[in-house]
Amino acid sequence: MRPVSAEPVPPAEATAGLVAALQARILSGHSATAVLEAWCAERGLSADPHLVARRISGPDKPLDAAQRRRLGLAPDEPVRYRRVRLACGVHVLSEADNWYVPGRLTPAMNAALDETDAPFGRVVRPLEPTRRNVALRPLRDPDAPAPGLDDPLFEVDAVLATGAGLPFCEVAETYLGAVLGRGP
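Here the sequence shown is numbered in our numbering, starting from 172 and rising by one per residue.
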(Lines of atoms letter the chains of each structure in order from A; the text may use other names.)
(Lines give C-alpha, C1' and ligand atoms only; values in the text may rest on other atoms or scores of the structure.)
Protein backbone atom coordinates (compact mmCIF):
# COMPACT_ATOMS: atom_id res chain seq x y z
CA MET A 172 0.00 0.00 0.00
CA ARG A 173 1.34 3.42 -0.94
CA PRO A 174 1.35 6.28 1.55
CA VAL A 175 -1.19 8.91 0.56
CA SER A 176 -0.30 12.58 0.65
CA ALA A 177 -2.73 15.02 2.19
CA GLU A 178 -1.94 17.51 -0.55
CA PRO A 179 -4.07 17.32 -3.72
CA VAL A 180 -2.73 17.62 -7.22
CA PRO A 181 -3.29 21.02 -8.87
CA PRO A 182 -6.64 22.06 -10.40
CA ALA A 183 -7.56 20.50 -13.75
CA GLU A 184 -6.72 23.64 -15.73
CA ALA A 185 -3.10 23.53 -14.55
CA THR A 186 -2.63 19.80 -15.01
CA ALA A 187 -2.07 19.73 -18.78
CA GLY A 188 0.67 22.36 -18.57
CA LEU A 189 2.47 20.55 -15.77
CA VAL A 190 2.24 17.20 -17.57
CA ALA A 191 3.62 18.76 -20.77
CA ALA A 192 6.48 20.41 -18.85
CA LEU A 193 7.43 17.15 -17.13
CA GLN A 194 7.20 15.18 -20.38
CA ALA A 195 9.51 17.66 -22.10
CA ARG A 196 12.05 17.42 -19.29
CA ILE A 197 11.95 13.61 -19.19
CA LEU A 198 12.27 13.35 -22.98
CA SER A 199 15.19 15.79 -23.16
CA GLY A 200 17.05 14.59 -20.06
CA HIS A 201 19.83 12.03 -19.81
CA SER A 202 18.47 10.61 -16.53
CA ALA A 203 14.87 10.32 -15.34
CA THR A 204 16.27 10.07 -11.79
CA ALA A 205 17.99 13.46 -12.10
CA VAL A 206 14.92 15.05 -13.71
CA LEU A 207 12.58 13.72 -11.02
CA GLU A 208 14.88 14.76 -8.17
CA ALA A 209 15.07 18.31 -9.57
CA TRP A 210 11.27 18.31 -10.09
CA CYS A 211 10.72 17.06 -6.53
CA ALA A 212 12.92 19.85 -5.14
CA GLU A 213 11.26 22.55 -7.28
CA ARG A 214 7.74 21.42 -6.34
CA GLY A 215 8.63 21.04 -2.66
CA LEU A 216 7.43 17.44 -2.52
CA SER A 217 9.81 16.53 0.29
CA ALA A 218 12.38 18.15 2.57
CA ASP A 219 14.81 15.59 1.10
CA PRO A 220 14.30 15.50 -2.69
CA HIS A 221 16.35 12.34 -3.23
CA LEU A 222 14.44 9.47 -4.79
CA VAL A 223 14.14 6.03 -3.28
CA ALA A 224 13.47 2.97 -5.44
CA ARG A 225 10.96 0.73 -3.66
CA ARG A 226 10.98 -2.72 -5.18
CA ILE A 227 7.74 -4.22 -6.49
CA SER A 228 7.73 -7.98 -6.06
CA GLY A 229 6.42 -10.29 -8.73
CA PRO A 230 7.59 -12.33 -11.68
CA ASP A 231 10.16 -10.92 -14.07
CA LYS A 232 8.77 -9.55 -17.33
CA PRO A 233 10.60 -11.01 -20.32
CA LEU A 234 12.17 -8.85 -23.01
CA ASP A 235 10.54 -9.00 -26.42
CA ALA A 236 12.53 -9.37 -29.65
CA ALA A 237 12.54 -5.62 -30.38
CA GLN A 238 13.89 -4.84 -26.91
CA ARG A 239 16.62 -7.47 -27.33
CA ARG A 240 17.61 -5.88 -30.67
CA ARG A 241 17.72 -2.39 -29.15
CA LEU A 242 20.05 -3.67 -26.44
CA GLY A 243 22.21 -5.50 -28.99
CA LEU A 244 22.07 -8.72 -26.98
CA ALA A 245 23.74 -11.95 -27.94
CA PRO A 246 21.29 -14.89 -27.87
CA ASP A 247 22.55 -16.19 -24.51
CA GLU A 248 23.56 -12.86 -22.92
CA PRO A 249 21.98 -12.52 -19.46
CA VAL A 250 19.57 -9.73 -18.62
CA ARG A 251 18.31 -8.76 -15.17
CA TYR A 252 14.93 -7.26 -14.37
CA ARG A 253 14.09 -4.73 -11.66
CA ARG A 254 10.61 -3.24 -11.05
CA VAL A 255 10.38 -0.28 -8.69
CA ARG A 256 8.27 2.62 -7.51
CA LEU A 257 10.30 5.84 -7.40
CA ALA A 258 9.32 7.86 -4.36
CA CYS A 259 10.22 11.33 -3.15
CA GLY A 260 9.23 11.40 0.52
CA VAL A 261 5.69 9.95 0.68
CA HIS A 262 4.99 10.76 -3.00
CA VAL A 263 5.25 7.85 -5.45
CA LEU A 264 6.15 9.69 -8.65
CA SER A 265 6.54 6.80 -11.07
CA GLU A 266 6.79 3.08 -11.54
CA ALA A 267 9.60 1.67 -13.67
CA ASP A 268 10.48 -1.64 -15.29
CA ASN A 269 14.24 -1.89 -15.89
CA TRP A 270 15.85 -4.58 -18.03
CA TYR A 271 19.60 -4.25 -17.79
CA VAL A 272 22.67 -6.12 -18.99
CA PRO A 273 24.72 -6.92 -15.87
CA GLY A 274 27.85 -7.68 -17.90
CA ARG A 275 27.87 -4.05 -19.10
CA LEU A 276 27.82 -2.65 -15.54
CA THR A 277 30.51 -2.78 -12.89
CA PRO A 278 30.30 -5.34 -10.07
CA ALA A 279 29.66 -2.46 -7.62
CA MET A 280 26.75 -1.23 -9.75
CA ASN A 281 25.23 -4.72 -9.92
CA ALA A 282 25.57 -5.08 -6.14
CA ALA A 283 23.93 -1.69 -5.56
CA LEU A 284 21.01 -2.62 -7.83
CA ASP A 285 20.60 -5.97 -6.04
CA GLU A 286 21.06 -4.78 -2.46
CA THR A 287 19.97 -1.13 -2.12
CA ASP A 288 17.02 1.17 -2.73
CA ALA A 289 19.10 3.48 -4.93
CA PRO A 290 17.42 4.50 -8.20
CA PHE A 291 18.91 3.04 -11.36
CA GLY A 292 19.95 6.45 -12.72
CA ARG A 293 21.96 7.26 -9.60
CA VAL A 294 23.70 3.87 -9.62
CA VAL A 295 24.78 4.09 -13.28
CA ARG A 296 25.69 7.80 -13.27
CA PRO A 297 29.45 7.01 -13.57
CA LEU A 298 28.75 5.51 -17.02
CA GLU A 299 27.71 9.01 -18.21
CA PRO A 300 24.56 7.55 -19.75
CA THR A 301 22.63 8.93 -22.65
CA ARG A 302 18.96 8.24 -23.13
CA ARG A 303 17.19 7.47 -26.40
CA ASN A 304 13.43 7.65 -26.16
CA VAL A 305 11.60 4.85 -27.93
CA ALA A 306 7.97 5.73 -27.12
CA LEU A 307 5.79 8.28 -25.34
CA ARG A 308 2.23 7.21 -24.56
CA PRO A 309 -0.17 9.73 -22.99
CA LEU A 310 -2.58 7.86 -20.71
CA ARG A 311 -5.20 10.52 -20.04
CA ASP A 312 -7.27 13.06 -21.89
CA PRO A 313 -5.79 16.55 -21.37
CA ASP A 314 -9.32 17.88 -20.75
CA ALA A 315 -10.06 15.32 -18.02
CA PRO A 316 -10.44 16.46 -14.42
CA ALA A 317 -7.31 16.60 -12.27
CA PRO A 318 -5.86 13.12 -11.74
CA GLY A 319 -5.69 11.29 -8.44
CA LEU A 320 -2.32 10.60 -6.85
CA ASP A 321 -2.10 7.05 -8.23
CA ASP A 322 -3.59 7.80 -11.66
CA PRO A 323 -1.19 7.14 -14.54
CA LEU A 324 -0.38 10.24 -16.61
CA PHE A 325 1.95 8.99 -19.33
CA GLU A 326 4.46 6.26 -20.15
CA VAL A 327 7.93 6.54 -21.61
CA ASP A 328 10.07 3.72 -23.01
CA ALA A 329 13.77 4.50 -23.39
CA VAL A 330 17.14 2.86 -23.95
CA LEU A 331 20.12 3.92 -21.86
CA ALA A 332 23.61 3.71 -23.32
CA THR A 333 27.07 4.48 -22.01
CA GLY A 334 28.76 7.72 -23.04
CA ALA A 335 30.56 5.56 -25.64
CA GLY A 336 27.20 4.43 -27.09
CA LEU A 337 26.92 0.87 -25.70
CA PRO A 338 23.27 0.18 -24.73
CA PHE A 339 22.94 -1.35 -21.26
CA CYS A 340 19.31 -0.85 -20.18
CA GLU A 341 15.78 -0.54 -21.48
CA VAL A 342 13.26 1.11 -19.20
CA ALA A 343 9.47 1.43 -19.26
CA GLU A 344 8.33 4.27 -16.97
CA THR A 345 4.80 5.17 -15.88
CA TYR A 346 4.43 8.63 -14.32
CA LEU A 347 1.68 9.04 -11.72
CA GLY A 348 -0.57 11.89 -10.58
CA ALA A 349 1.43 12.42 -7.36
CA VAL A 350 4.23 13.91 -9.45
CA LEU A 351 2.01 16.98 -9.98
CA GLY A 352 1.42 17.67 -6.29
CA ARG A 353 2.98 20.16 -3.93
CA GLY A 354 4.62 19.31 -0.67
CA PRO A 355 3.49 20.42 2.77
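No lab work stands behind these hints, which were simulated from the structure alone. Note that this is a predicted model, so its numbers are computed, not measured. Do not rely on the hints blindly, as some may be mistaken.
Now the in silico label distances, taken between C-beta atoms and shown as ranges [stated by the list, open to error]:
1. 279 with 221: 24 to 32 Å
2. 323 with 247: 45 to 53 Å
3. 230 with 335: 27 to 35 Å
4. 191 with 274: 37 to 45 Å
5. 248 with 308: 36 to 44 Å
6. 310 with 236: 33 to 41 Å
7. 201 with 308: 35 to 43 Å
Glycine is no exception: its CB is placed at the ideal position from the N, C-alpha and C atoms.
Here is what the structure says about each hint:
no. : hint                     : verdict
1   : 279 with 221: 24 to 32 Å : violated, 19 Å
2   : 323 with 247: 45 to 53 Å : violated, 35 Å
3   : 230 with 335: 27 to 35 Å : holds, 33 Å
4   : 191 with 274: 37 to 45 Å : holds, 38 Å
5   : 248 with 308: 36 to 44 Å : violated, 28 Å
6   : 310 with 236: 33 to 41 Å : violated, 25 Å
7   : 201 with 308: 35 to 43 Å : violated, 21 Å
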